[in-house]
Amino acid sequence: MEQQTNKKALTLKTLTKSSVWDIQENDIFRLWEGAEKDAEVKDNARHFVDIIRSAFMIEEINSDSDLVKTKFEKLGYKVGQVKLDENAKVTWAIKKRPIMRVTDLTYENIRHISATKLIEVLDRNFGGGWDSLSQSIKDIIESGFDISTTTLPKDRLHKKGGMYEKKVEDGFEVLEVAKGTWVEAIFAKAKPESEKPRMKFASSSMDDEDDDADVEIEDNYNKPDEDDIEISDPNDEDITEENYSTMMDLGSGDPDEEAENMSDYGEE
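Here the sequence shown is numbered in the numbering used here, starting from 18 and rising by one per residue.
Each statement offered as a hint is correct.
Here are the simulated EDC-like pairs of lysine to aspartate or glutamate, each with C-alpha atoms no more than 20 Å apart in a straight line:
(1) Lys-112 / Asp-39
(2) Lys-196 / Asp-148
(3) Lys-106 / Glu-57
(4) Lys-171 / Glu-190
(5) Lys-134 / Glu-186
(6) Lys-183 / Glu-201
(7) Lys-59 / Glu-77
Since the hints were made in silico from the structure, they are not lab data.
Just need the whole structure built from these sequences, with the hints factored in.
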């Protein structure tokens, strides 16, 4: 029901390379017909055609022959007319681009397929398992799906209470890839649409006061600065022979030799 509402809200001008994957061939003709009198559409017709071509194959039919039209319809195309300018209408044969191989997956269409469809696509292309895919394809898939894998012997993969059973119960679709006597299981589940972060505005002064009501502020107004702190003289009772001495340490060497060295500095 929600998807139908979104389709009704779409117009040719609001169509994007992502949302175009949500509509079908007949919707293209309906949207174009609804925008025939829009000057912006007329001036930027090529732009809107490029958006449509990202998800649909478009063949322009120059012949009025019913035989040609029937030929395209047998191939799965929908045939109709669109008005690209004021002077003439053209006949289009349109068909949704199929997603058959992993190379057909894009960031624009990955969120418009189900996990079941993804498993079909992977099964049609697999040979070496998940690691056989290129990193770019993995990144596209993981932008729309939660993916996890495990490789176990055949007799252990479906063990009761194991990972396989838990993943299936959690809504994951599974693809099993045989590797000799072992099996790699690839689990896929569509990611929920992430919410867009909302901009947080600065709160009012009244709100700020409420937020700070429970904050304890330390009063340092009367606290003296470190430079102003006076160091008291030591108490005579605390001075002992161990912690106070007026004697200069002249070393433990020969006093005559040290005196000779000092006389050398005096001569300089």
